[in-house]
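One line per chain: the protein sequences are A and B, in this order. So for the first sequence, the numbering used here puts the first residue at 1; every next one is plus one. So for the second sequence, the numbering used here puts the first residue at 1; every next one is plus one.
Warning: the hint list may mix true and false statements.
[Claimed, not checked] Mimicking EDC-like on lysine to aspartate or glutamate, the simulated pairs with C-alpha atoms at most 16 Å apart in a straight line are:
no.: 1; chain 1: B; residue 1: K516; chain 2: B; residue 2: D472
no.: 2; chain 1: B; residue 1: K516; chain 2: B; residue 2: E484
no.: 3; chain 1: B; residue 1: K111; chain 2: B; residue 2: D209
no.: 4; chain 1: A; residue 1: K151; chain 2: B; residue 2: D209
no.: 5; chain 1: B; residue 1: K111; chain 2: B; residue 2: E145
no.: 6; chain 1: B; residue 1: K296; chain 2: B; residue 2: D185
no.: 7; chain 1: A; residue 1: K460; chain 2: B; residue 2: D308
no.: 8; chain 1: B; residue 1: K164; chain 2: B; residue 2: E217
no.: 9; chain 1: A; residue 1: K227; chain 2: A; residue 2: D41
no.: 10; chain 1: A; residue 1: K151; chain 2: B; residue 2: E258
no.: 11; chain 1: A; residue 1: K460; chain 2: B; residue 2: E258
no.: 12; chain 1: A; residue 1: K23; chain 2: B; residue 2: D185
no.: 13; chain 1: A; residue 1: K254; chain 2: B; residue 2: D185
no.: 14; chain 1: B; residue 1: K270; chain 2: B; residue 2: D297
no.: 15; chain 1: B; residue 1: K367; chain 2: B; residue 2: D472
no.: 16; chain 1: A; residue 1: K227; chain 2: A; residue 2: E164
no.: 17; chain 1: B; residue 1: K371; chain 2: B; residue 2: E258
no.: 18; chain 1: A; residue 1: K113; chain 2: A; residue 2: D41
[What the hints assert, rightly or not] To list a few chain B residues with every Cβ distance to chain A over 10 Å, as calculated:
no.: 19; residue: K12
no.: 20; residue: D33
no.: 21; residue: M96
no.: 22; residue: L139
no.: 23; residue: A150
no.: 24; residue: D185
no.: 25; residue: G221
no.: 26; residue: D234
no.: 27; residue: G314
no.: 28; residue: S348
no.: 29; residue: T390
no.: 30; residue: E421
no.: 31; residue: N512
[What the hints assert, rightly or not] If the Cβ cut is set under 8 Å, some of the chain B residues that face chain A in the computed set are:
no.: 32; residue: Q148
no.: 33; residue: A167
no.: 34; residue: S170
no.: 35; residue: I177
no.: 36; residue: S190
no.: 37; residue: F193
no.: 38; residue: W248
no.: 39; residue: L251
no.: 40; residue: G322
In case anyone wonders, no lab produced these hints; they're calculated from the structure. All of these numbers come straight from a predicted model, not from anything done at the bench. For every residue, glycine included, the Cβ atom is placed at its ideal position computed from N, Cα and C.
Listed below, chain by chain, are the residues.
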Amino acid sequence: MKRILIKFSIIVLVLLTMSSCQKWLDIDYNPNAITESPAIDEGVYLSGVESEWAQQAVTFFVWWNGMKDWLLWYASDGTQGYETRFEISTDYGGEIWGAYSGALMHSNALYEKAKENGNKRFQGIGAVITAWHWFNMADYYDQAPLDEALKGAEFPYPNVNSLEEIYTHANALLDEAVECFTSSDPGDLVPTAAQDYIYGADFEKWTRLCYSLKARYAMRLTYLPGKTPAGQADLVLQYLQNGLQNNDDMCSWKHLASLQFDSYIYEESLYDYSAAGMTPSLYIVDLLNDLSDPRRMIFWTEAEAGGYIGHRSGTSSVAGNRPSRWSMSYCTQTYPDMIMMYSENLFLKAEAHALKGEYGPAETAMKAGIRADMEYHGVPEADIITYLAQPALTMPTSVEAAQELVMTQKYIANTFETTESYFDFIRTGYPRLDFTTINQVINTNTFPRRNPYPPDEIEKNPSISALGQPDYFRKGTAWDTKPFSWRSDTK
Amino acid sequence: MSTNTSVSQNYKNKGGLVETQGVFNRYNNSSKDVESTEMITYDNTFGDFTVNVMAGHNIVQNYWNSMEFEGTGLVVPGIYNSSNVSTYTAGSSYGMFRSWSLFGEARIGYKSLLYYTVTGRNDWASSINNDFFYPSHSLGFVFSELLQNAKFLDFGKVRVSYAKVGAPASAYTTNVILSQASSSDWLGHSWPFNGQNSYLPSSTYPNPDLANEFKSEIETGLEMRFFKNRLGLDLALYHNWSTNQILWQQLLNSTGYEGGWINIGGITHKGIELGITSTPVQTKDFSWDMSLTWSKDNSMVDDLGENDEPIDLGSGGWAIVGQPYPVLYGDAFLRDDEGNLVLSDQGSTGTDRTTYGRPIIDPRSRKIFGKIAPDWVSSIRNSLRYKNITFMAQLDIQKGGLIDNFDEHYLTYYGMSPLQENRPEDNRIVFDGVMGHYDYTSQQVVVTNPVNTEWTYYSSYYQTVCQSTEEDNIQPRDFIKLREVALTYRMPGKVADALHLKGLDVSFAGRNLWRKFKDGFSGSDVETNTNGISNGNAWFNYSFPSLRTYALTLNITL
Chain A
1 MKRILIKFSI IVLVLLTMSS CQKWLDIDYN PNAITESPAI DEGVYLSGVE
51 SEWAQQAVTF FVWWNGMKDW LLWYASDGTQ GYETRFEIST DYGGEIWGAY
101 SGALMHSNAL YEKAKENGNK RFQGIGAVIT AWHWFNMADY YDQAPLDEAL
151 KGAEFPYPNV NSLEEIYTHA NALLDEAVEC FTSSDPGDLV PTAAQDYIYG
201 ADFEKWTRLC YSLKARYAMR LTYLPGKTPA GQADLVLQYL QNGLQNNDDM
251 CSWKHLASLQ FDSYIYEESL YDYSAAGMTP SLYIVDLLND LSDPRRMIFW
301 TEAEAGGYIG HRSGTSSVAG NRPSRWSMSY CTQTYPDMIM MYSENLFLKA
351 EAHALKGEYG PAETAMKAGI RADMEYHGVP EADIITYLAQ PALTMPTSVE
401 AAQELVMTQK YIANTFETTE SYFDFIRTGY PRLDFTTINQ VINTNTFPRR
451 NPYPPDEIEK NPSISALGQP DYFRKGTAWD TKPFSWRSDT K
Chain B
1 MSTNTSVSQN YKNKGGLVET QGVFNRYNNS SKDVESTEMI TYDNTFGDFT
51 VNVMAGHNIV QNYWNSMEFE GTGLVVPGIY NSSNVSTYTA GSSYGMFRSW
101 SLFGEARIGY KSLLYYTVTG RNDWASSINN DFFYPSHSLG FVFSELLQNA
151 KFLDFGKVRV SYAKVGAPAS AYTTNVILSQ ASSSDWLGHS WPFNGQNSYL
201 PSSTYPNPDL ANEFKSEIET GLEMRFFKNR LGLDLALYHN WSTNQILWQQ
251 LLNSTGYEGG WINIGGITHK GIELGITSTP VQTKDFSWDM SLTWSKDNSM
301 VDDLGENDEP IDLGSGGWAI VGQPYPVLYG DAFLRDDEGN LVLSDQGSTG
351 TDRTTYGRPI IDPRSRKIFG KIAPDWVSSI RNSLRYKNIT FMAQLDIQKG
401 GLIDNFDEHY LTYYGMSPLQ ENRPEDNRIV FDGVMGHYDY TSQQVVVTNP
451 VNTEWTYYSS YYQTVCQSTE EDNIQPRDFI KLREVALTYR MPGKVADALH
501 LKGLDVSFAG RNLWRKFKDG FSGSDVETNT NGISNGNAWF NYSFPSLRTY
551 ALTLNITL
């Protein structure tokens, strides 16, 4: 009996030793999924983070059909049978807030990972993209979670921070990015050109982009209480000295014709309009007609009756009198997702000078901006010279009129490019968009000046419930304070 | 050790009505479970006391593997194999879970009268970082030992027990999973892009602190047998509660995640289980055995973590604090204070009307439609034996509970539901209710006409607002089913003896031969949940009903 007991105890002891070894239990790594491991380095993240950034930058032109209609770059043709009105409800613009668990979370993950590993170049790119997302969040939502955001169940109901706090954080990220890009010790891992699809691992361009973004967002605060237009203009001019230098510096995601997936603008033209092209609005066509803009023949086809004729949104075009269309040779497969144009830098410079009452330099910068945009679109030199020589482009000598001229030309150059035209209009009131030419939205006669908070955040997050749903049709974010009398119902 | 392998093949020839090009699918599933338990026991008697002590060790390893091949477009009709398809998708997955435990038990008995048992167990599992201990105690009192003179009583026992059971998370729950970067055909982003692929953290919150869940139970029971065991009673009352339950919590986007597995749940069940067995007639050639079971369970969700958010359990079910577990919950029609349906007084009143006269979705919040679990379930089984022939029939009954019949959701959209057989010729319907709307400014339901006489388009109702709420598709899940009927013939002893067998039975049985659902259920079977057994368990969509089966069985006892 004693022997049996001893033998049994030995067997038990062996089994215990075998199974109680922690290593025996260390098997919980899903073999059917890609899980976080040393093999997943920053290079695996990077191109996805850049792609999601680009998607986020153009998303609202596509999914929020109202935006391009409202900005009058486009007018729905009633004959195509599409919904010509758009409803602005409390879940409107949820794609932007969705970046918290998507594009923003991912760029932040890249930034954090690279920072932990000491890989400065990756850290810099992560910081730039994360900064852009934070600026975007603040510009659309004003107060939004920052300090307690992105921390999962640790803060299930994150407190909000003010717009200024978010801006400060984002600007600090841009400063940190500059240090990372210029550091003599880049760390063990540096992005390859293939991984950094946007700038091909050109960190001088990344550095210039940092300064240009600082300029863009400094200008955004022109009318923020506590700031002055002249003070912000000085900052803008200071940052732009190190900003983008030419069209080659533009920040965009380039679609490749050789690949299966084309630009959103091509897809929309192709499928929604059977490659007949989208219809430009009366407003933008008339605006370009006024100065015989040479970009018309690049942007649009001629109307059936000849010349360039826009369309009133929602009405049906009539055979024999069909309006111009957005040209399919312009809305191509390779049309880029634009994040920042070089011309925007020159218009920022022009506005900054105008705000300081420096009208000569303002005109020079504005015309440089127009030239940069026309060169980008391939306008012949002679046409550029003719266009720029027009008296209408002489800078007026009052801040308001100068600002209007600069913003109008900036709007033209930014057509179907970035969301800056939306923020510029909310901030300055220019250009004088003619809303009588669009079909009105279902539930209001204007467009939101900011985004409503998503319903689930209003319902569940006490810090956002306390703020309540803002009157988003009448009041934008903290920087939206400039009165502009010509359109009283927007304030 | 146990192994399981299943191979299923599904093929359809070219030219069919549904799969015109033909399909060939093949699925291989296998699992291999290894478990080893070692125990040392010690038994002894000390006067009137008996002592049984046991200590043990257990290890478990579960391995599973699946492969699937789905091919479409048969090249040559009538040949079903993987090389005869135009296009195919194939995939495989496998996984493993391990755990080990130390456990012990001590049983002390006093004369055949009183028994006390205490157990303890500690588990370590591969899927979580912590180990966990859980004990149990039970006390049994065989009071019939003190009533030896009560002739009618053969056995009587009361018992009371407390038990705690722990369970780890499923394998890989705490893994930080990466997923391919966001793609959108419309936006022109897809992966791999230009030869470059990219993986990013998923929107599932990786919870490294996830711990095991516990379930505790206090049970008291009475077991009695009378009249030479011809009448038996088994009654149990229980109260159990779970803590730290692992549930999927939806997170706000601002947390950086869409949800994650978190220890947040606390659910209580209180119930009663009754079992009665009897033999009303027993003679040499004939006997009639009858048994009845009846049980009722009342559940309550006590805790769902911070702020007690409702949790979507999948399959239509939700966990909501203060409600039974689980409940159906969703968008509902707007009603006035008296419960009347509010029909929209907004929009065009002409023949181009859309919303006018139509029910409205309540914009304020979702509504709890009711509990999914039944009020009670019961089973009655009768067995009649005459000489070597036995006839058995079992009836199952379920009372109460709700199901979301999503088939109805689609069928009504396309006008194919039996509920729509008497549709109006002019496609117009006047709903019972009041005319009104919800006023967002005053946040009140405004009734503008207490009697509705306004029509709305019948088809439009089913294709718009009806599709936005589950309310029209919530149906009762009561049933009575003739679960099984069997006729068995036991071969005479001499036949079995001749074959050197202890017994030889032949039986013919049918299952699910008859059923009756409550009026209002329009699907094929209330017992079917589309997603199989799940926490939600209330989703009926594209599901096959329980099959009626017949079986001829030869039962050999060696």
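Hints, one by one, checked against the model:
1. Restraint check for K516(B) and D472(B): not satisfied, since their Cα atoms lie roughly 21 Å apart, outside the 16 Å limit.
2. Annotation: proposed proximity of K516(B) to E484(B) holds, straight-line Cα distance about 14 Å (limit 16 Å).
3. In summary, the hint linking K111(B) to D209(B) is not supported, as the alpha carbons are separated by about 48 Å, beyond the 16 Å threshold.
4. Among the hinted pairs, K151(A) with D209(B) is consistent with the structure: their alpha-carbon atoms are about 14 Å apart, no more than 16 Å.
5. For a cut-off of 16 Å, the pair hint linking K111(B) to E145(B) stands: about 9 Å separates their Cα positions.
6. Only pairs whose Cα atoms come within 16 Å are accepted, and K296(B) paired with D185(B) is rejected, the gap being roughly 52 Å.
7. At most 16 Å may separate the alpha-carbon atoms for a hinted pair to count; K460(A) and D308(B) meet this at roughly 10 Å.
8. A distance of roughly 6 Å separates the Cα atoms of K164(B) and E217(B); the hinted pair therefore holds under the 16 Å criterion.
9. Note on K227(A) and D41(A): the hinted pairing is violated, with a Cα-Cα distance of about 42 Å set against a maximum of 16 Å.
10. Distance hint between K151(A) and E258(B) is fulfilled; the C-alpha atoms sit about 12 Å from each other, no more than 16 Å.
11. Between K460(A) and E258(B), the direct Cα distance comes to roughly 14 Å. Compliance with the 16 Å bound is thereby established for this hinted pair.
12. For the hint linking K23(A) to D185(B), the alpha-carbon distance of about 44 Å lies beyond 16 Å, and the restraint is violated.
13. Under the criterion of a C-alpha separation no larger than 16 Å, the hint pairing K254(A) with D185(B) is consistent with the structure, at around 15 Å.
14. For the proposed pair K270(B) and D297(B), the alpha carbon gap of about 6 Å is at most 16 Å, so the pair holds.
15. In summary, the hint linking K367(B) to D472(B) is supported, as the alpha carbons are separated by about 13 Å, within the 16 Å threshold.
16. Among the hinted pairs, K227(A) with E164(A) is consistent with the structure: their alpha-carbon atoms are about 11 Å apart, no more than 16 Å.
17. At most 16 Å may separate the alpha-carbon atoms for a hinted pair to count; K371(B) and E258(B) exceed this at roughly 26 Å.
18. With a C-alpha separation of about 8 Å, the suggested pair K113(A) and D41(A) falls inside the 16 Å cut-off, and the hint holds.
19. Against chain A, the non-interface label of K12(B) holds: every CB pair exceeds 10 Å, the least being about 29 Å.
20. The claim that D33(B) is not at the interface with chain A holds, since no C-beta of that chain comes within 10 Å of its own (minimum 15 Å).
21. The non-interface label for M96(B) is inconsistent with chain A: the shortest C-beta to C-beta separation is roughly 6 Å, within 10 Å.
22. With a least CB separation of 30 Å from chain A, L139(B) remains clear of the 10 Å interface cut-off, as annotated.
23. For A150(B), the requirement that its beta carbon stay farther than 10 Å from each beta carbon of chain A is met, with the minimum near 44 Å.
24. Some Cβ of chain A comes within 10 Å of the Cβ of D185(B); the nearest lies about 6 Å off, and the non-interface call is violated.
25. For G221(B), the condition that its CB be more than 10 Å from all CB atoms of chain A holds, with the nearest at approximately 34 Å.
26. D234(B), annotated as away from the interface, keeps every beta carbon of chain A farther than 10 Å; the closest lies near 37 Å.
27. The claim that G314(B) lies off the interface holds: its Cβ sits roughly 19 Å from the closest Cβ of chain A, which is beyond the 10 Å cut-off.
28. With a closest Cβ-Cβ approach of about 14 Å to chain A, S348(B) is found to remain outside the 10 Å limit, as its non-interface label requires.
29. Residue-level check passed: T390(B) sits 46 Å from the nearest beta carbon of chain A, beyond 10 Å.
30. Every Cβ of chain A is farther than 10 Å from the Cβ of E421(B); the closest lies at roughly 34 Å, confirming the non-interface assignment.
31. Every Cβ of chain A is farther than 10 Å from the Cβ of N512(B); the closest lies at roughly 37 Å, confirming the non-interface assignment.
32. Evaluation of the Q148(B) hint against chain A yields a violated restraint, the C-beta minimum of about 38 Å exceeding 8 Å.
33. Look at A167(B): its Cβ only gets to about 15 Å from chain A, farther than 8 Å, so that hint breaks.
34. Nearest Cβ of chain A to the Cβ of S170(B): about 10 Å, over the 8 Å cut. The hint is violated.
35. At about 5 Å, the closest approach between the beta carbon of I177(B) and any beta carbon in chain A falls short of 8 Å, and the interface hint on this residue holds.
36. For S190(B), the suggested interface contact is upheld, since its CB lies about 5 Å from the closest CB of chain A, less than 8 Å.
37. The interface hint given for F193(B) holds, since its Cβ lies 7 Å from the closest Cβ of chain A, which is under the 8 Å cut-off.
38. Hint status for W248(B): violated, given a least beta-carbon distance of 12 Å to chain A, over 8 Å.
39. Against a cut-off of 8 Å between C-beta atoms, the interface hint on L251(B) holds, since the closest Cβ of chain A lies about 6 Å away.
40. A least Cβ separation of about 17 Å between G322(B) and chain A goes past the 8 Å threshold, and the interface hint is therefore violated.
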